[in-house]
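Use the sequences and the hints to build the structure in full.
First to last, the protein sequences are chains A, B and C.
Quick note on this note's numbering: the first sequence kicks off at 1 and runs consecutively.
Quick note on this note's numbering: the second sequence kicks off at 1 and runs consecutively.
Quick note on this note's numbering: the third sequence kicks off at 1 and runs consecutively.
Just so you know, the hints here were simulated from the structure itself, not pulled from any lab data.
Check the hints yourself; a few may be wrong.
What the hints assert, rightly or not - Straight line, CA to CA, 25 Å or less: simulated DSS-like cross-link-like pairs of lysine-lysine:
1. 431/B x 470/B
2. 162/C x 93/B
3. 356/B x 239/A
4. 162/C x 112/B
5. 324/B x 239/A
6. 118/B x 217/C
7. 87/C x 76/B
8. 356/B x 228/A
9. 357/B x 324/B
10. 239/A x 357/B
11. 228/A x 324/B
12. 225/A x 76/B
13. 379/B x 225/A
14. 225/A x 87/C
15. 228/A x 87/C
16. 225/A x 370/B
17. 188/C x 67/B
18. 111/B x 162/C
19. 315/A x 217/C
20. 340/A x 87/C
21. 172/B x 93/B
22. 340/A x 188/C
23. 225/A x 356/B
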Amino acid sequence: MKSGSRLYRFGIQLAAVVLALLFTTIILLAANGQPFEAYKNILKGSFGSVESVTNVIVVWIPLLLASVGALVTFTAGLWNIGIEGQITLGAIATTWVLRTLLHTDTPPALIIILSILGGFIGGAIWAALVGALRTFGGVNEIFGGLGLNFVATALTIWLIFGPWKRPGIGSMSGTEPFPDTLWLPVISSLRLSWWSVMIGVLALVFVYILLSNTYIGLKLKAVGKNRKAAALLGIPTSKYMMSAFVICGGLAGLAGALQVLAVYHRLIPSISSGYGFLGLMVGMLVNYQVIWAAPVAFFFAALKFGSIQLPIVLKLDSALSGVLQGALVLFVLMMDGVRKRFEKKG
Amino acid sequence: MKVELRNIHKYFGPVHANNNISLTILPGTIQGIVGENGAGKSTLMKILSGFFQADTGEILLDDVEIKIHSPADAIKQGIGMLHQDPLDFPPMKVIDNLLLGHEGGLIPERKKVASEVKNLANQFGFSIDTEAYIESMTVGERQQLEILRLLWLGAKILILDEPTTGISASQKEKLFETLTKLASDGMIVIFVSHKLEEIECLCHRAAVFRGGLLVGEAIQPYHINDLVRLMFGKPMELGNRLGNLGNNPVVEIKDLEIDDPRLHIKNVNLTVHAGEVIGIAGMEGSGQRLFLRALGGLLPTTGRTKLSVNDRDLTHEPYGTYLKGGIAYVPADRMEEGLIPGLTLKDHFVLTGETKKLFIDEETAHQRTKVKISEFNIKGRPNSFVEDLSGGNQQRALLALLNESLNLLLLEHPSRGLDLESTIWLWEKLKDRCKTGTAVLFISSDLEQILNYSDRILVFFGGKVSKPLKASESSVDQLGQLMGGKGFSN
Amino acid sequence: MEFDLIIKGLAGVIAAATPVLFATVGETITEKSGVTNLSVNGTIILSAMIGFAVATTTTSLILGFAAGAIVGAAVAALVAFASINLKQSQVAVGFVLTLMTRDLAYFLGNPYMGLSGPRVPPAFEIPILSKIPILGTLFFNQDILVYLSFVLIIFAYFWVYKTRPGLILQGIGERPASAYIRGTNVNKMRYIYTIVGGALVGLAGPMYSLSVKAGWKGAITGLDGIGWIVLAIVIFGGWSPLKAAMGAYLFALLQWLGLVLQPSLPSIPSQVLQVAPFPLMILTLLLVNIGNAEWVDRTLMALPENTRKIASKVLRSMRTNPPASLGVPFENE
Numbered sequence: 001m002k003s004g005s006r007l008y009r010f011g012i013q014l015a016a017v018v019l020a021l022l023f024t025t026i027i028l029l030a031a032n033g034q035p036f037e038a039y040k041n042i043l044k045g046s047f048g049s050v051e052s053v054t055n056v057i058v059v060w061i062p063l064l065l066a067s068v069g070a071l072v073t074f075t076a077g078l079w080n081i082g083i084e085g086q087i088t089l090g091a092i093a094t095t096w097v098l099r100t101l102l103h104t105d106t107p108p109a110l111i112i113i114l115s116i117l118g119g120f121i122g123g124a125i126w127a128a129l130v131g132a133l134r135t136f137g138g139v140n141e142i143f144g145g146l147g148l149n150f151v152a153t154a155l156t157i158w159l160i161f162g163p164w165k166r167p168g169i170g171s172m173s174g175t176e177p178f179p180d181t182l183w184l185p186v187i188s189s190l191r192l193s194w195w196s197v198m199i200g201v202l203a204l205v206f207v208y209i210l211l212s213n214t215y216i217g218l219k220l221k222a223v224g225k226n227r228k229a230a231a232l233l234g235i236p237t238s239k240y241m242m243s244a245f246v247i248c249g250g251l252a253g254l255a256g257a258l259q260v261l262a263v264y265h266r267l268i269p270s271i272s273s274g275y276g277f278l279g280l281m282v283g284m285l286v287n288y289q290v291i292w293a294a295p296v297a298f299f300f301a302a303l304k305f306g307s308i309q310l311p312i313v314l315k316l317d318s319a320l321s322g323v324l325q326g327a328l329v330l331f332v333l334m335m336d337g338v339r340k341r342f343e344k345k346g
Numbered sequence: 001m002k003v004e005l006r007n008i009h010k011y012f013g014p015v016h017a018n019n020n021i022s023l024t025i026l027p028g029t030i031q032g033i034v035g036e037n038g039a040g041k042s043t044l045m046k047i048l049s050g051f052f053q054a055d056t057g058e059i060l061l062d063d064v065e066i067k068i069h070s071p072a073d074a075i076k077q078g079i080g081m082l083h084q085d086p087l088d089f090p091p092m093k094v095i096d097n098l099l100l101g102h103e104g105g106l107i108p109e110r111k112k113v114a115s116e117v118k119n120l121a122n123q124f125g126f127s128i129d130t131e132a133y134i135e136s137m138t139v140g141e142r143q144q145l146e147i148l149r150l151l152w153l154g155a156k157i158l159i160l161d162e163p164t165t166g167i168s169a170s171q172k173e174k175l176f177e178t179l180t181k182l183a184s185d186g187m188i189v190i191f192v193s194h195k196l197e198e199i200e201c202l203c204h205r206a207a208v209f210r211g212g213l214l215v216g217e218a219i220q221p222y223h224i225n226d227l228v229r230l231m232f233g234k235p236m237e238l239g240n241r242l243g244n245l246g247n248n249p250v251v252e253i254k255d256l257e258i259d260d261p262r263l264h265i266k267n268v269n270l271t272v273h274a275g276e277v278i279g280i281a282g283m284e285g286s287g288q289r290l291f292l293r294a295l296g297g298l299l300p301t302t303g304r305t306k307l308s309v310n311d312r313d314l315t316h317e318p319y320g321t322y323l324k325g326g327i328a329y330v331p332a333d334r335m336e337e338g339l340i341p342g343l344t345l346k347d348h349f350v351l352t353g354e355t356k357k358l359f360i361d362e363e364t365a366h367q368r369t370k371v372k373i374s375e376f377n378i379k380g381r382p383n384s385f386v387e388d389l390s391g392g393n394q395q396r397a398l399l400a401l402l403n404e405s406l407n408l409l410l411l412e413h414p415s416r417g418l419d420l421e422s423t424i425w426l427w428e429k430l431k432d433r434c435k436t437g438t439a440v441l442f443i444s445s446d447l448e449q450i451l452n453y454s455d456r457i458l459v460f461f462g463g464k465v466s467k468p469l470k471a472s473e474s475s476v477d478q479l480g481q482l483m484g485g486k487g488f489s490n
Numbered sequence: 001m002e003f004d005l006i007i008k009g010l011a012g013v014i015a016a017a018t019p020v021l022f023a024t025v026g027e028t029i030t031e032k033s034g035v036t037n038l039s040v041n042g043t044i045i046l047s048a049m050i051g052f053a054v055a056t057t058t059t060s061l062i063l064g065f066a067a068g069a070i071v072g073a074a075v076a077a078l079v080a081f082a083s084i085n086l087k088q089s090q091v092a093v094g095f096v097l098t099l100m101t102r103d104l105a106y107f108l109g110n111p112y113m114g115l116s117g118p119r120v121p122p123a124f125e126i127p128i129l130s131k132i133p134i135l136g137t138l139f140f141n142q143d144i145l146v147y148l149s150f151v152l153i154i155f156a157y158f159w160v161y162k163t164r165p166g167l168i169l170q171g172i173g174e175r176p177a178s179a180y181i182r183g184t185n186v187n188k189m190r191y192i193y194t195i196v197g198g199a200l201v202g203l204a205g206p207m208y209s210l211s212v213k214a215g216w217k218g219a220i221t222g223l224d225g226i227g228w229i230v231l232a233i234v235i236f237g238g239w240s241p242l243k244a245a246m247g248a249y250l251f252a253l254l255q256w257l258g259l260v261l262q263p264s265l266p267s268i269p270s271q272v273l274q275v276a277p278f279p280l281m282i283l284t285l286l287l288v289n290i291g292n293a294e295w296v297d298r299t300l301m302a303l304p305e306n307t308r309k310i311a312s313k314v315l316r317s318m319r320t321n322p323p324a325s326l327g328v329p330f331e332n333e
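Rendered as structure tokens:
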């Protein structure tokens, strides 16, 4: 963390980025694509118009929520693989609140607020389950999280094809869309809602302050860096690990809530869209520096959205964004290992 | 086969673990190796058994210089080591343990090996069940097995590292019989132990290590006192203790019992008074650490244990209650258990201070840290990361982090890694605490320190505790003998 | 349901379980040596695609399978390298790789979507043995891959428990220090077993794209998630190749039951029954793991002597113990 000058470390990370780009380019060539064209199209797809930029932001917000949530659990030394399921449960909870209050006299604004709250709680509870499985069941949080991810997916499918199915036949397109009174207000004709942006930014600020300026944050760090010593100092480690799960789950739940309220306006089968795993990857890249989660998540969002162009324009699969994202994290990890080896020898 | 170590030097960074060690051992000898932890005996044995290579110096077998590159290489040359925790495979069967690593074809010849080893076992009066699982065997049995394995692989030199920790008296007898027989058959047995009585009774010669040097060798007939004198140096001047501060009992320990896989500590009864200092002596692994941890609420006790502090029964309570009850524990492994690498000094003070509010009061924390830094003379700044501090300063930091008023302060090897000046300073601080009524219990391997500063002394040996001795009436000799096991009824 | 149909269905279960079986046995071997390869999910998808692509392009099934195995081995080697040489967390590297390999598969596989390629030749009977009632239909009227899986189970069991190198494999996972003093090059062996395990995982992919779920259909292939189940089965199977195989069959059985019970459970949508085996499989982990929690140990300590011994025995029989050194890098100091 402190060894080596900052320029040196920056250089290492830059090397990782270059290697990742190199790798992705090679893959592009292997698929008979033209790298330059592909990158150009991704950039055009994300930044080519005001509309596309706002769409990138639409992708950015839930990813940002998942990323800062992941940072909380990483700080406590935990691998919260279950974050995908937590997003999903947030979405389910939000949908439930919306459906329940839809035909009542409650003012729409209140319904929306309650449903957002519901999303937070839904995700938090799902994460608490992972924590409980770990503390009381001795189940590693990786497997607990994975298992609950599967349960969340199954639950979604059951709801979409069962009790919450559209009149007629249940279909993969999800539940009945909500009337636009229950949509988060958007900016003119764009898909983006100011409210989403606000929630995302607030979450970022919240996590930043939590981890840098509060006692809770410091205790989480202590637990993550040296559980034994933290326990000796009197920190109830299990409680704090559980808190980390709950906070991350809540933030993930918010992401799920926004997916329902602002993006899809209904519950669809894969509502978490991989944001959970992607958020973990962003977390792995920023090395505990919360502020960097914003630009890195934005970059990832731009990649994800921009690459939607690829199948249309160049007949390449949009999974290229995933390849680049994965390559980035992988090479950062490898270069970090290489650096440590050189330092040991020297 | 004769073995000779010549001018062996080994450094670990700045630490000169083996300083010009020369030792010759003739076949048929049971060679004792004695010394405190850190004296260099384990390092030397690891060199002989192939774990590391010496920086300079030679090893000769029958006057021929050899190089030992790895433990497997060592056994090929006839040197086998029995580790304190036998390096076997607990979930596997005896027969598999034997076969693993033994050269041979694709399909191991189970029957052949089993009968070979059984024959060997019979020669020594051992009985082994080749189908038994290692984890169901006692430590003594696992040792027997490992010795058999080494002999079966052709060991001519057998190194045993603290072999009698955790085995029964009858197993020990058996072991000694075996070792004597092996020596009379011409093998070399190297017996590393802190149990001076056993060394005296078993070993033809005993090489004593201290501070990285081979300070002397006792040759039969010798007496434990000879060993003690070589190990600990001249007895120390007494003085400097504070003296008991009144008779208020602070800690009551009744029938303490701790169930550990290797040691069974039972029937410990002790009353500790306010402001009293109790020094705990004992070779590492004799149970004092378990005892101290139990007092600190870090280890569960069993049986009819009753532990009370200021009349509050703390038995079986969670750790948090002990902290609230004014009990603090300072571990010996500073970076593994005491401090949190990656966090700064200030962070640590924040964590041990008032944490009820939401936001960290940076200013106050900074100030408080600076005050503590100067009060405890820590060479570091509030923003220094604890892993960058020297060992001595880390110890000062640990002390600085303790609560203002404590009922009971427990310290594991408080002066380990500290120079003389820091140690004296440390004790000034501790005595200050005693003046305010804190009772102090500390483990140390420095007998001078124990005699100097304690009011009373406990000595641990093999899980047993001596009756508390008055420090003013004790001596290095007496402590050394107790530590070596003399005077403990079996 | 008619008895005959049930038997035929079960025979189908055995066939369907085969890819999972290969992957599970492979990962069991890797973990037995002490390395966790979390990238299994993505590796299976990538090896399925590459196996299909190679087989279609070269019209050779053998080359397709070989390509799949090489992919599996390469990814596993990467995990081993990052862990052993670069000392990075196996979880971190495995996690990234599992996502990246999947995306690589979708990306590179695009041109191959919907193509038809060579298929593994259909089931054939083994003379005499296939005439045995019930067992004959179940085991001896299958395609070559299934027969190979039987061979694999027998061979893996034999290798691990009956040979000398198998003992070493157990040793390096349990207590590398003990293996080291007996002359084993622990890290080299870990590399080898991780790669071999990875190759077996890599074979599972083509078994889908060239047989069970022929062709490459990108994200719809339904392979996403299988790898995670494999990891769970390894634990559920107590790191034993035999039990791992049982786990694979159990999972395939659950999937089959989902299909079969559909008409009798009209209230449950078919899609749910399709997805249900996944969480059900994971739920078993909880039962299997209950003995490992800390609070259990503490509660045990406070019990009187006699009760404690009995409770201890019961919990111990319910525990599955991972190789003691799983995930822990080895330093010979």
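The hints, checked one at a time:
| no. | hint | in the structure |
| --- | --- | --- |
| 1 | 431/B x 470/B | 18 Å, holds |
| 2 | 162/C x 93/B | 13 Å, holds |
| 3 | 356/B x 239/A | 15 Å, holds |
| 4 | 162/C x 112/B | 15 Å, holds |
| 5 | 324/B x 239/A | 18 Å, holds |
| 6 | 118/B x 217/C | 62 Å, violated |
| 7 | 87/C x 76/B | 32 Å, violated |
| 8 | 356/B x 228/A | 22 Å, holds |
| 9 | 357/B x 324/B | 19 Å, holds |
| 10 | 239/A x 357/B | 17 Å, holds |
| 11 | 228/A x 324/B | 18 Å, holds |
| 12 | 225/A x 76/B | 43 Å, violated |
| 13 | 379/B x 225/A | 23 Å, holds |
| 14 | 225/A x 87/C | 17 Å, holds |
| 15 | 228/A x 87/C | 22 Å, holds |
| 16 | 225/A x 370/B | 24 Å, holds |
| 17 | 188/C x 67/B | 23 Å, holds |
| 18 | 111/B x 162/C | 13 Å, holds |
| 19 | 315/A x 217/C | 15 Å, holds |
| 20 | 340/A x 87/C | 9 Å, holds |
| 21 | 172/B x 93/B | 24 Å, holds |
| 22 | 340/A x 188/C | 21 Å, holds |
| 23 | 225/A x 356/B | 22 Å, holds |
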